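Protein sequences, first through last, are from chains A and B.
Counting in the numbering used here, the first sequence runs from 8 upward without gaps.
Counting in the numbering used here, the second sequence runs from 106 upward without gaps.
Keep in mind that a hint or two might mislead.
Pairs of lysine-lysine residues, derived as DSBU-like cross-links and limited to a Cα-Cα distance of at most 35 Å, are as follows [what the hints assert, rightly or not]:
#1 A:Lys-61 <-> B:Lys-304
#2 B:Lys-490 <-> A:Lys-65
#3 B:Lys-224 <-> B:Lys-294
#4 B:Lys-490 <-> B:Lys-372
#5 A:Lys-61 <-> B:Lys-372
#6 B:Lys-246 <-> A:Lys-61
#7 A:Lys-65 <-> B:Lys-304
#8 B:Lys-413 <-> B:Lys-520
#9 A:Lys-65 <-> B:Lys-348
#10 B:Lys-294 <-> A:Lys-65
#11 A:Lys-65 <-> B:Lys-289
#12 A:Lys-65 <-> B:Lys-246
#13 B:Lys-520 <-> A:Lys-65
#14 B:Lys-189 <-> A:Lys-61
Sample of chain B residues facing chain A (criterion: CB under 8 Å; computed from the structure) [what the hints assert, rightly or not]:
#15 Ser-295
#16 Pro-298
#17 Ala-358
#18 Ser-390
#19 Ser-397
#20 Ala-471
Sample of chain B residues with no beta-carbon within 10 Å of chain A, all distances over it, derived [claimed, not checked]:
#21 Pro-140
#22 Pro-149
#23 Asp-170
#24 Ala-171
#25 Glu-190
#26 Leu-213
#27 Pro-235
#28 Pro-315
#29 Tyr-420
#30 Leu-460
#31 Ile-465
#32 Tyr-521
Hints are computed from structural coordinates only; laboratory data are not their basis.
Predicted, not measured: the structure shown is a model, and the values here were computed from it.
Note that beta-carbon positions come from the ideal geometry of N, C-alpha and C, so glycine has one too.
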Amino acid sequence: MQILADCIPRSGGNHNPVSLSKVLQFYGFDTQHQIDVLNSWIVGNADYGVPRYKFALKGDALNFVIPTTVVSDIAKAIQDKATPAM
Amino acid sequence: MKPGSRTTSRASVILVVYIFLTPFGVRAQATKCAPTLPQALWQPYESPPIVSVFISDPVSPNQPDAMWTVYDTTDGTAKPATVKEYTPIQGSNPPYALSAQIVPQQPLQIDHVYYLVVKGLIFQDCQGAPKSLAPVAVQTKRPKDASKDFVFSVAKGRDDSDFYFAPTIDGASGTKAAYTLDTKFQFRKSLLPPQFGSKVPYHPAIYFIPGWDVKISSNPKEDGNSVNFVVPLEIIAPVSPNKFPLLSRFLPAVISQPGFVAEADKKFHDVNAIFSDAEYFVLRSFGGELFSISPEPVVGVETGSNLKAQSAGTYPESILRADVGLHLGMSLFQAVTKKKPLFSIETDYMRRLLLHPEPIYTVNSAGGYVLQSVGTQPRDHVTVKINYNLTSYVALTAAYEWGSLPPVYTKVDNKYTFGVTLQGQLQYRPGAAK
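Take the sequences, apply the hints, and build the full model.
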């Protein structure tokens, strides 16, 4: 949850409070390229993404995300797919 | 203008305004918030062992009246559970939480089926929330090899689909049937995951996205659209906030799409082999809780040669184009629910500046191409797509197209499309069911 709350505004989204029931469009992610940037932050940013918590996500782990994806589906994917970093 | 016609016009305007504003007012007020517990996961390695549960809407980290219960459906018992904490989102003001850490009285057993129930949870921004939420099943083990699961979901439309297949047959009395195939496929594979931030070496994300994008038709009145077979890479270069703090605030990333493209007309009479590279400047969206606007300028270059020409002498030199364009996305939300946009508009504009001459064709009534000219005039192409969500599942769509596309550049002159869309989201998760 903290990962999404940190990465959504920093990767180009707006500062609306993060809610799991809303779609990414509500946070200003209208294009697939914006989604790609959000995924990059979640997967690769050492300060706010998954690596901050000593976990790792594969580069394809969030390929399913589109602007109409509900935030809770991303949270579930992070929780299900993240593995401890080596 | 006659007085009667003026009254009629005014009534029409009022009717249109009423239809489009109703969702903001009447419908929005009638819609109630429906919070859920999207996921609960047993985490035995924590100390003490906890059930980590997601809460769909923000709650205060202080919940004195909330009562959590763990139901064991295997042995039919129900036991109250204590709360370790409602994990507050760091930096939130006022503080809010989207998850809770629940401590069951006894450790959960992985061969039992558990449900978690809560009563009395108070939500911060959720009118009419029920006093108790629907139970959520507790995952006692992670899905087996979850990282390899494919998840299929219904896309918004053709543009954000990874696969799309739409064959159609049009027929009318006294005319031949026309066959149209509209198909698209792309596959996305990560070649290099991104890495950036403090104390780590920077490298961008690199994806390999091969595919095709084809629309061919035997109908002479169909547009002479491009047929593209693409072998592109996508390089996502986030602007590091550590190195460029000011720039990263409004330009979070630059995305490059180099690739080889085989572009052809629908009859494959004109075929070009092109190397293209487009640089997309992904800007921060702006707006608030009711709307957002996302601009995305693009510049690019296309170079290559003609492999097969419709008419001799139409490509006196190699193909060399400089491209400039803009993608603009806008979403407008309902006042209360804000879950799905009421309106969404997507606009794409691309201007191809030809540095070497290329042909322009028109289509005659028989469907054949007629050479109009050869030159370096700029070639523009514009599309606008509007999506108006009547309900969560039904939307009105409208699209507009103008301009021309390579290689034959036949002009699409103010083409309008209207439709009603029934849409949903279906996700296939093999691991989640285990």
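Evaluation of the provided hints:
1. A:Lys-61 <-> B:Lys-304: At roughly 14 Å apart (the allowed maximum being 35 Å), Lys-304 of chain B and Lys-61 of chain A satisfy the hint.
2. B:Lys-490 <-> A:Lys-65: Between Lys-490 of chain B and Lys-65 of chain A the Cα gap is close to 33 Å, so the pair holds against 35 Å.
3. B:Lys-224 <-> B:Lys-294: 44 Å, violated
4. B:Lys-490 <-> B:Lys-372: 27 Å, holds
5. A:Lys-61 <-> B:Lys-372: This hinted pair is violated, its Cα atoms lying about 54 Å apart.
6. B:Lys-246 <-> A:Lys-61: Given that 35 Å is the threshold and the Cα spacing comes to 20 Å, the pair holds.
7. A:Lys-65 <-> B:Lys-304: Holds - the C-alpha atoms of Lys-304 of chain B and Lys-65 of chain A are around 20 Å apart, at most 35 Å.
8. B:Lys-413 <-> B:Lys-520: 29 Å, holds
9. A:Lys-65 <-> B:Lys-348: 25 Å, holds
10. B:Lys-294 <-> A:Lys-65: 11 Å, holds
11. A:Lys-65 <-> B:Lys-289: 26 Å, holds
12. A:Lys-65 <-> B:Lys-246: 20 Å, holds
13. B:Lys-520 <-> A:Lys-65: 42 Å, violated
14. B:Lys-189 <-> A:Lys-61: Holds. Lys-189 of chain B to Lys-61 of chain A sits at ~22 Å (cutoff 35 Å).
15. Ser-295: Holds, about 3 Å.
16. Pro-298: 4 Å, holds
17. Ala-358: 4 Å, holds
18. Ser-390: 3 Å, holds
19. Ser-397: 4 Å, holds
20. Ala-471: 39 Å, violated
21. Pro-140: 7 Å, violated
22. Pro-149: Pro-149 of chain B is indeed farther than 10 Å from all Cβ atoms of chain A, at 15 Å.
23. Asp-170: Consistent with the label, Asp-170 of chain B stays out of reach of chain A, its closest Cβ about 21 Å off (over 10 Å).
24. Ala-171: 17 Å, holds
25. Glu-190: 12 Å, holds
26. Leu-213: Given that every Cβ of chain A is farther than 10 Å from that of Leu-213 of chain B, nearest at about 17 Å, it holds.
27. Pro-235: 14 Å, holds
28. Pro-315: 14 Å, holds
29. Tyr-420: 32 Å, holds
30. Leu-460: 27 Å, holds
31. Ile-465: The assertion about Ile-465 of chain B holds, with a minimum of 30 Å to chain A.
32. Tyr-521: Non-interface label on Tyr-521 of chain B holds, nearest chain A Cβ at 22 Å vs cutoff 10 Å.
Of the numbered hints stated above, those contradicted by the structure are hints 3, 5, 13, 20 and 21, listed in ascending order.
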